[in-house]
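Asks: So the sequences go chain by chain: G and C. Using the working numbering, read the first sequence as starting at 1100 and increasing by one per residue. Using the working numbering, read the second sequence as starting at 30 and increasing by one per residue.
Everything labelled a hint here was simulated from the structure, so no lab data went into it. Fair warning: this is a prediction, and the values are worked out from it, not measured in the lab. No false leads were slipped in.
Here are the in silico distance ranges between beta carbons for each label pair:
id, chain 1, residue 1, chain 2, residue 2, range
1, G, R1158, C, E49, 36 to 44 Å
2, C, S95, G, N1126, 21 to 29 Å
3, C, N81, G, A1128, 24 to 32 Å
4, C, R51, G, S1125, 33 to 41 Å
5, C, G69, G, E1155, 26 to 34 Å
6, C, G69, G, R1100, 16 to 24 Å
7, G, S1151, C, S34, 28 to 36 Å
8, G, S1125, C, K46, 33 to 41 Å
9, C, P84, G, Q1168, 18 to 26 Å
10, G, R1140, C, P84, 26 to 34 Å
11, G, A1128, C, V131, 18 to 26 Å
12, G, S1151, C, L125, 18 to 26 Å
13, G, R1140, C, A31, 20 to 28 Å
Idealized CB from N, CA, C, for every residue including glycine.
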Amino acid sequence: RKEVEQDPGPFNVPEGATVAFNCTYSNSASQSFFWYRQDCRKEPKLLMSVYSSGNEDGRFTAQLNRASQYISLLIRDSKLSDSATYLCVVIFYNTDKLIFGTGTRLQVFP
Amino acid sequence: GAGVSQSPSNKVTEKGKDVELRCDPISGHTALYWYRQRLGQGLEFLIYFQGNSAPDKSGLPSDRFSAERTGESVSTLTIQRTQQEDSAVYLCASSLVHGANVLTFGAGSRLTVL
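Same shape as in the complex, but just chain C (with noise of 0.2 Å):
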């Protein structure tokens, strides 16, 4: 596509319910990167892809957070049991290499735990 699209955007949702948000890159970037924000903060790195595979996900704030990539494309983070804490912007970025080129973010999911 002509950009990086994020869904939902936004999401409210129960404490300990499970969400799953969804970020569709610029065609044929290989690199995606999930950031988290909360209000007011700064950008939080959680996990990128190169191809299908992650490196390094050390960035993960907990087990409750995983994520994954299929095709070279679409990625999915998933929250399980989500906590008040987790309340957030979580932000999708794509590049066409990772580390040599420049990001072009979505424009976010928001999500709200109740």
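Chain G on its own, in the form it takes in the complex (with noise of 0.2 Å):
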């Protein structure tokens, strides 16, 4: 089993839907979560630090579940320009790696 892993999709969605991703990983060790933002061909940028509270940046939400080991993000409203791949990544305690899930892939239809 992979340490993070992510439904791949392609989720295809219109525009002003709501779309959620789910990312789970393996190892309760974990330490840290982030959700990073690939367009094609690009490198990938910060998207949203994950914390425990949950929290939301604009039209975006991210929560953890430590319970379940997953983390997931919430995009309402979803906007053309919002199509692209969303990596995960988790910080484990015990191996002190910085791993990234595979991506989850979302194309926004007009």
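Please dock the two separately framed chains into a single complex, following the hints provided.
Replies: In structure tokens, the structure reads:
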């Protein structure tokens, strides 16, 4: 089993829709969590950190569920410009590694 | 510098040749990371440096791969006797301190092995 897993998608949604992605991790000795966004043929860029209590940034909401070992990203009122691949990142205490999920591709259509 | 700089941006080489990829992290960032991304795939962790030391080299795919960092700044990823399966984008990232801060990525070095 991979240390960090994501549904690759693609998720095809119309503009204005709400869409959610999950990311599961296998090791409970996890430290920090992030969501990154990667546009086609570009480098990943930080979208938001994920805090234990959950956090929101505009149309984006990130949640952490330690008991079930997953993080989620919710996007409300989807825009065409949200089309990208969304990568979750987990840092593990015990191995000290920073592991990326394989990403979930989102395509927002008019 | 203002961002993470990688060179070359594109490299085409023949199978069996050695290549060197360079990464200039953001000034003052103590942690530096190398990832590999094959076409349509996720990011594969290769190695990270805290200062000039690499605590864990287990992500390097084979002994043809090596990396070093000097002056807590520039890092070089070397691939010896390149194979076609080495074709990928090699991404470098840096952060202020390992594990506590976000990563800033460079634009990557696209390697094509013919």
